[in-house]
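Peer 1: Now for the letters of each chain:
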Amino acid sequence: MSKTILSVRNLNKVYQDDKSVILENVNLDVEEREFLTILGPSGCGKTTLLRCIAGFEDYTGTVTTDGKVTKDPDVDRFMVFQDFNQLFPWKTVKKNIQYPLRIQGLKDKDELERIANETIASVGLKGYENYYPYQLSGGMKQRVAIAKALALKSKIILMDEPFAALDAMTRTRLQKELLNISKKTDCTFMFVTHNIQEAIILGTRILVFGDGGKILVDEKNPLAKPVSPSSEGYGEFWDRLHSALYQSDN
Amino acid sequence: MSKTILSVRNLNKVYQDDKSVILENVNLDVEEREFLTILGPSGCGKTTLLRCIAGFEDYTGTVTTDGKVTKDPDVDRFMVFQDFNQLFPWKTVKKNIQYPLRIQGLKDKDELERIANETIASVGLKGYENYYPYQLSGGMKQRVAIAKALALKSKIILMDEPFAALDAMTRTRLQKELLNISKKTDCTFMFVTHNIQEAIILGTRILVFGDGGKILVDEKNPLAKPVSPSSEGYGEFWDRLHSALYQSDN
Amino acid sequence: MMNRKKALIAKALFLLAFVIIWEIVAKRNVFGSNSQIVFPTIETIAKAFVRNFKVGYAGISLWKYILNSMELLLIGLFLGIFLAFVFSAISMINPTFYEIYNMLVSICDLLPGVALLPVVIIIFGIHRSVIVFLVIHSVIWPMSRNLLDGFHSFPQIYIEAGMNIGLRGKSLLTGVYLPATTAYILSGLKVGWARAWRGLLSAEMIFGIASSPGIGLFINQMRTNLNNAEVYATLIVIIIIGVIVQYGIIDTIEKHTIKKWGMSK
Amino acid sequence: MMNRKKALIAKALFLLAFVIIWEIVAKRNVFGSNSQIVFPTIETIAKAFVRNFKVGYAGISLWKYILNSMELLLIGLFLGIFLAFVFSAISMINPTFYEIYNMLVSICDLLPGVALLPVVIIIFGIHRSVIVFLVIHSVIWPMSRNLLDGFHSFPQIYIEAGMNIGLRGKSLLTGVYLPATTAYILSGLKVGWARAWRGLLSAEMIFGIASSPGIGLFINQMRTNLNNAEVYATLIVIIIIGVIVQYGIIDTIEKHTIKKWGMSK
Amino acid sequence: NEAKEETAEETKTETKKIAIAYQYGLAYAPVIIVKEKGLMEEAYKNLTGNELQVEWVQMSSGADINNGIASGEIDAGFMGIGPAMTGISKGLNYKVFTNISGQEHGMMSNDAAIASLGDLVGTENQIALVNIGSIQHIILAKALAENGYDAHALDANIVAMKHPDGMASLESGAVKCHLTSSPYIFYEHDNANLYEIKEVHEAWGQDKSFIVGIASTELNSDAELYQALCDSFVAAIDLINNNVNEAAALTCDFNGNTAEVEADYLQRGVYSTETNGLFEMLQFMQDNDFCDKNITSYSELVFDNVKGN
Ligand SMILES: Nc1ncnc2c1ncn2[C@@H]1O[C@H](COP(=O)(O)OP(=O)(O)OP(=O)(O)O)[C@@H](O)[C@H]1O
Ligand SMILES: Nc1ncnc2c1ncn2[C@@H]1O[C@H](COP(=O)(O)OP(=O)(O)OP(=O)(O)O)[C@@H](O)[C@H]1O
Ligand SMILES: [Mg+2]
Ligand SMILES: [Mg+2]
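Protein chains in written order, with our numbering: chain A, 10 to 259; chain B, 10 to 259; chain C, -6 to 258; chain D, -6 to 258; chain E, 58 to 366.
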């Protein structure tokens, strides 16, 4: 059995100025190299959960990463935000990608060059190396953020709807890229998406959240990779997730 | 024949500090009450086109709205941005929606109340009237921006991937809402999306952009509303758009 | 963020430490045998504090000086802020005006009030407005600088969202520019308030109408008459007023604007 | 945005208009028969300008005074900015320090340099560092105010993105806080630069070491000798230096930072 | 209604208004007496039967007052002889209408080894005085010249700071010497640790003019007003000379002294309407580059009524 890399215990989250509980008693264990995809209605607390795990929010309960209780942000949990403005506007695309690596102690110029070029190419942004973020389209910015995560290869990568701003083709390409990387590295992923198909294609395990951060579905993905809509059992699984999602509302 | 409300002639767009041409000689006529959906790969210039029409960018060529050449932004063309930060952070959800109406001269308190409540409900944000934008999730912010557009009912509504941050269910609900409104009012829509299905469900006419703002497909939607994936001809149309999109890359 | 109580204790402890060090320096004559002229003991200062209000200078209590000054200070401060707003606003609407005003701000902020005094007197005559003018001179330029730079550096999307709904010129200013730059404006207010005080004090030290003597004259005379304890006591009054404005007024505004809007941590 | 040439013409025209009005006021004796002392003609000022450098005061050319002052000014300015950075930075890392420093900035910014002079002299002795200290005093507080407020009001997401990649404390400051607040910092620099000049001039007017006389002393002497034309000519020199710094240095920095990054219009 | 306004205006025109600039301090005691007792208003009423309204303006230096006069906003003022002569030589249309006072000046040292100017010349010992080009600086130059040194021999030793700061600096040892005037020189005399360098006091004693009153030629041409101005100062100076206690009671508050101390200090100064050494000082200034060279006679400095030299 592989080891538990992330464990969330009795996590409760209430925003200070507000009485209503966003996350109520969330418990979750994620194993190393798992690819967890998270579905859930808008406003149910997906972002909030990722932010708690990443250490950006105060909460009650504990988050344990690789055996250590973690309260504050650190590189072992890297987050790709939902917001388009997560790139440093004062750095070019390439510098935005290289900077985290340099912070982590990678000094070798050639290596930095290589990694940057590789990841930039993998998100389809060749030629945009020296653009500043304000010169990019929405989807391009998000792709740079994804490239940052791919270059950094943190233990846990938290992705908050990273593909939402992408067209179908780019999306499919990046899904494949991500699948490849998740196979080749030891990274563990938590990936929020609104696309059920995407959740099935990428996830080794799928979570559906309801309002108040209730976990409605928590299942291993029964389909073998690579999944396509024509895979056996796809339709049935899709329906199950779909109805769980719909149900969560009423 | 219904009248042309928007006409784009020989529009060229180059960003100052950059030599590469983003939009090259774009020509487009949009008829009143048309619902134009726009597909295209990330970074191809969809946002740029909407921004030119809205009057936020310098360009060569002309944009004519309702017979008048328009260079500067005005309420006759309302834009829902791709960016999550388009709401005024210093106004609550309700105020963000009512403010444009008050600017347009609507003074009647009850009417303002009614419109705000109605549109807030229609985007599923009942109970969040007095939240400030920073207290909302990504999808909720976008829904408020949509509500603003619905409340304002400008002649032309430009929507830049407004549903990208929404879950399937909310998305379906808002698609229905939007269809309803487009039937009831005289508004003309230009709606950017990455979702081919969405483009078919919503659009009365569908555009596919290639790189450099080339229009690869410009067709009336052959399917009668309401469209569902099981509508006759849906699959074929979907395939056509899909291959046009893919082809644009190669 | 710290809780309020802990913050209060930290500040109180710091002030206490300062007072204790001062007292040691004063009592031990650390800086030479006569240093009590410069470092009077706390007790002396406390007595001077009382004496300032009871006896005052030239038979007039410090209250009266403060009142005289506060009137001019507030007029100058408000006019300075108001004019800074007006000119910075026009600058946003008219690019030519912006170029000129931006240059003017950079130039005028360099000019010492003393050097302007003759020109001011010749234009305004012998009048309290001379002081008001000098206060305005010390407020308007730094305030305008904050406004001009603030107006240029908040997210462009708010302007677009504003133009989107038909805001233009004046309505765009009040509807977008001002709320979007609240942080800059408040920062400017804090600096402007301090500037106004220092402008007032130095103006009153070089010019004053005898019939309405101000706090600058008071300090000047106390210095001249070697009453340093009284000078420090007067500075303490100024500090108290300043702190009340900072924590009572500006902080409250912050709490009800940028803090509430999530625009400041 | 206007193009550079048009902007330049607008500014030149404005200055020309000012000069013409001045000249009319001067030549026509608009403000009374003796007003040429307060409003000397342009020609007189131009001659005074030349004389300042050729003859100067006490046998020393204005150059020398400027050089003496510039040295103190730059030392004071850099130290003031540096200290403002250090303290504001510590404030971001340590909330207790923030509370205390924030209070200190609000208080100290109110204190006139004159009132501090005795304390400064007793601590530093008779030394040019007294002037440097007074320059620092006029720079550090407004600069810190800009930094403290700037640090609190840029988008939180940059901090989170920074912590995300392992930036902490010092590295977070240099990696995120500083670049993210560049607009505030540059705005602070402009104000700080003007403050430094005014601080220097007023410091040199109340405290001067004859063996290294500065521009404040020069102005003071010219004032005392009723050589207003020389005073204005000296102010023009100050303005020229100021404008060179504003348009030559700070604007260039702006162009290569916030303008290039799309963080300012 | 109109008629009412007119009469109001008429009564207004009868009230004459003038603006007088002054400075504070022991040396200006007669000014304070005139101001506090309303002597000038009284004198004007006696002469003409009309009201006089005096706007008293406090300014911090002779230079400011000179500019005020140049602007036409100030009609009369009080300042040291240095700025007064600078103003006249610059062609400002005013002259001295009365002498006010002479005060004690002296240079004190905190180092017993410094007993005369000769011990300072050629050293780097610092001398605090109120400003470069100030009357104290000129007195230092005069003392140097009278003792055979170059008048500017100690210029580089000067540190400019206000009297109280200079005194604190001297007492704390931050400077070696302090050249100051009353009342600070009195305090320093009382300090047993300080030593006087006598040449300075000898060069310009309290018998010599120090502070003068100046009036614009315009004011001078209004005979009654000018008379009232002069009369009021005669009266004020008489009061100091004949009834020092009453005078001290009036001025002590302003100078921060008790009445007894104030009376003592007033007696140590010389308050007189007659100038002494004014022209001598001017010549010294002209000869030693302290002001422009263009005045050749005493009568260019003072109005006809002023006696002295
Ligand atoms: N700073 C805040 N203060 C108060 N409430 C907040 C704050 N931030 C978020 N919330 C609330 O928390 C809830 C969950 O927000 P969250 O961003 O986690 O949703 P989400 O699941 O990511 O939604 P989406 O798919 O729309 O991004 C929302 O109801 C929102 O109103
Ligand atoms: N300010 C700018 N300066 C230079 N280039 C820019 C600027 N803004 C956008 N671009 C370029 O214009 C092109 C089109 O951008 P646009 O935002 O219109 O794309 P888009 O079709 O909306 O893409 P997406 O689906 O990713 O939002 C991109 O290649 C981008 O790099
Ligand atoms: Mg979210
Ligand atoms: Mg886009």
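Any given hint might turn out to be false.
[Unchecked claim] Stretch-level coverage of chain D by chain C, calculated; a stretch enters the list once three of its residues show a Cβ under 8 Å from a Cβ in chain C:
id	segment
1	56 to 65
2	81 to 88
3	106 to 113
4	192 to 199
5	212 to 226
[What the hints assert, rightly or not] The list that follows gives simulated cross-link-like pairs (lysine-lysine, DSS-like), each with its CA atoms no further than 25 Å apart:
id	chain 1	residue 1	chain 2	residue 2
6	B	Lys28	D	Lys20
7	A	Lys135	B	Lys28
8	E	Lys147	D	Lys47
9	A	Lys28	C	Lys252
10	B	Lys28	D	Lys253
11	A	Lys162	D	Lys47
12	A	Lys22	C	Lys258
13	B	Lys104	C	Lys163
14	D	Lys20	A	Lys100
15	C	Lys253	B	Lys104
16	D	Lys163	A	Lys104
17	A	Lys135	B	Lys104
Derived by calculation from the structure, the hints in this document are not laboratory data. Just so it is clear, CB atoms sit at the ideal spot from N, CA and C, and this is done for glycine as well.
Peer 1: Decide, hint by hint, whether the structure agrees.
Peer 2: Here's how the hints hold up against the structure:
no., hint, result
1, 56 to 65, "violated (count 0)"
2, 81 to 88, "violated (count 1)"
3, 106 to 113, "holds (count 4)"
4, 192 to 199, "holds (count 3)"
5, 212 to 226, "holds (count 4)"
6, Lys28/B <-> Lys20/D, "violated, 56 Å"
7, Lys135/A <-> Lys28/B, "holds, 17 Å"
8, Lys147/E <-> Lys47/D, "holds, 21 Å"
9, Lys28/A <-> Lys252/C, "holds, 18 Å"
10, Lys28/B <-> Lys253/D, "holds, 16 Å"
11, Lys162/A <-> Lys47/D, "violated, 69 Å"
12, Lys22/A <-> Lys258/C, "holds, 19 Å"
13, Lys104/B <-> Lys163/C, "holds, 20 Å"
14, Lys20/D <-> Lys100/A, "violated, 57 Å"
15, Lys253/C <-> Lys104/B, "holds, 15 Å"
16, Lys163/D <-> Lys104/A, "holds, 20 Å"
17, Lys135/A <-> Lys104/B, "violated, 43 Å"
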